[in-house]
Every structure is written in structure tokens, then in C-alpha cells.
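Peer 1: The sequence shown lines up with residues 218 to 509 when you count with the working numbering.
Check before you lean on any hint, since a few could be wrong.
Straight-line C-alpha distance at most 20 Å; calculated EDC-like pairs for lysine to aspartate or glutamate [said to hold, decoys possible]:
hint: 1; residue 1: Lys237; residue 2: Asp280
hint: 2; residue 1: Lys326; residue 2: Glu305
hint: 3; residue 1: Lys326; residue 2: Glu345
hint: 4; residue 1: Lys247; residue 2: Glu408
hint: 5; residue 1: Lys219; residue 2: Asp280
hint: 6; residue 1: Lys466; residue 2: Asp481
hint: 7; residue 1: Lys344; residue 2: Glu414
hint: 8; residue 1: Lys220; residue 2: Asp288
hint: 9; residue 1: Lys499; residue 2: Asp322
hint: 10; residue 1: Lys293; residue 2: Asp280
hint: 11; residue 1: Lys293; residue 2: Glu244
hint: 12; residue 1: Lys386; residue 2: Glu345
hint: 13; residue 1: Lys220; residue 2: Glu299
hint: 14; residue 1: Lys466; residue 2: Glu444
hint: 15; residue 1: Lys394; residue 2: Glu423
hint: 16; residue 1: Lys247; residue 2: Glu222
hint: 17; residue 1: Lys220; residue 2: Asp311
hint: 18; residue 1: Lys344; residue 2: Glu286
Hint data in this document are derived by calculation from the structure and do not stem from the laboratory.
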Amino acid sequence: MKKIELTNVSKSYGHVEAVKNVSLTFEQHKIYGLLGRNGAGKSTLLNMITSRVFPDSGEITVDGDHAIENDYAMGKIHLMSENNYYPESMRIRDALRLAGALYPDFCMKTANSLAESWGLDTKKKMKELSTGMNTMFKASVALASGAPYIFLDEPVLGLDAVHRDLFYKLVVAQFEKHPACYVLSTHLIEEAAGIIEDVIIINAGEILVNEPTEQLLSQGYTVTGPEAVVNTFIAGRSCIGHDQLGGMKSAYLLEPLDGSQVPDGLQTTKLNLQQLFVQLTKREGGNGHDLA
């Protein structure tokens, strides 16, 4: 099977462990969400996959080939990141042509169509672009690249709400035309949740969650009621957090819910992906969650 595989990968910067013994697989024909708070290790992970930095330990393969210092393997990956490496004096239309020369399966027709969807003036020079327009350009290149693996690191930087909504629609449309492996690395969970098939949550360099979104959401729920009743109900259950206001308590659980088990006086509601993410990553010290 064609896939990118990480096995026991770690990376430290001085005394800071940015990524800790991570094992992951990214398969074709899926849209992944790589979710984490700022500084959680998302960008370090992507930079190792694309050989921008090398891991201290572990192994990374692309379709079975070792990724490190392997131009053939790297040619299968496109990383859209915050940095823009095109000359400032270059016009967008020329930068798109240059991208076409760099990626063998790049589709110029798609790139121009995407730029038009954004309302992006391709006669502008790179130095004239605002942060949002720069994002539009990079997204156009990424989605037109034709690469089997497309990594989008904080891909809506500088975009307003309308353009962010357009971005997600363009990703889905392009995925249907070119069903590659798409990985959205973002901390804007609520917006991206609708298109993510598999969710990976990283916190303090460690993987907390790695499973299909639908499966994860089927297990998360909130139970609310009088503190004593809630405490009795959650004893021995997988509680990932709680809030309290006066004598009322809300507890967040991550396990299948059997409605017949819920006593009178308690209310239950499903958790969405952002609520789950917040509860899993907000523990003191940022070290993940404790399952009771």
C-alpha cells in the first residue's frame, strides 16, 4: 500500500522534546486532520516528513522508501507552510509556471482556475501580496501540485471568514478530482472538522488520538447535573475533564454511552471535535489527559 509511515520518531531542540517517539501512518485517498495547540509539535512533525529537519531517532518512509535525503521520495510530497520561497520580484503567473516545472504532475489549468476562484490577480508581484493573498497563492500551488501527499500547515493564515470557507470547499472539490492524501495541520478545529476523515491530536510532542473522526465523536459526550450525582455516575469512567458552577457540574467523557445507564437528574449531550480537542489538551502543564 502507498503510504507515509513514521516509526518511533523523535526530535529535540536543546532540552525541549518537540516530538516524542511518534508512530503514524498517512494513507492515500484520505483527508487527515493533524490537530494541536501552538507549539504542540505539528510543524516539527511535518518538517521531518519533508526532510526540512532530520529526526534524532526513528524512521520515516514514503511508499516504502527511506525519506531522509531521498529526492525521489520528497518529490511525492508537497508542503504548504508559512514560508514562501519564490522571489519577491516574481509575478504570480510566473511563480505558477515555476511551480509547474518543479512538480511533474502540476496542473496549470487547475492552478489558474483556483487563482481565479480566489479573485487573485496573477499580474501582481510576490512582494505586493498581503498575508491573505500569499496564502491564496500557496494554496493554489498546493492543490494544483498533483502530488500524492499534500500537507497543508496552518493553511488559512490571513484569510477572512469568507475565504476560509472557500478554502475548505476547494480542498474537498480538488480531493474529489485528485484523491490523494491530504493532511490539514491546524488549530482552527471547528472550521476544519467538517472535512476531516481521520483525526490525529498531538500535544506536547505526543500523539493523544489517532482514529477516524466519526468513531471518535461517537464516544464523546457531556453529562451535566448536580455535583454529587455526576460524581457518582463518572466514577470508574473515562472522564477527560469537567467544569463546575455552584452545585452543578459538567463532566466530559470519552467512552460509548448507553442511554439506559444515565440516572434521572442528569443530562447528556454529544461533544463536537473542538470540544473534545479542548478537553484532551487543556490539562495542567499541557501533558495530555488522564483517563479515570
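Peer 1: Could you run down the list of hints and mark each one as holding or not?
Peer 2: Now the hints, each set against the structure:
no. : hint            : result
1   : Lys237 / Asp280 : violated (23 Å)
2   : Lys326 / Glu305 : violated (23 Å)
3   : Lys326 / Glu345 : violated (23 Å)
4   : Lys247 / Glu408 : holds (18 Å)
5   : Lys219 / Asp280 : holds (5 Å)
6   : Lys466 / Asp481 : holds (15 Å)
7   : Lys344 / Glu414 : violated (36 Å)
8   : Lys220 / Asp288 : holds (17 Å)
9   : Lys499 / Asp322 : violated (42 Å)
10  : Lys293 / Asp280 : holds (9 Å)
11  : Lys293 / Glu244 : holds (13 Å)
12  : Lys386 / Glu345 : violated (26 Å)
13  : Lys220 / Glu299 : violated (25 Å)
14  : Lys466 / Glu444 : holds (5 Å)
15  : Lys394 / Glu423 : violated (34 Å)
16  : Lys247 / Glu222 : holds (14 Å)
17  : Lys220 / Asp311 : violated (32 Å)
18  : Lys344 / Glu286 : violated (31 Å)
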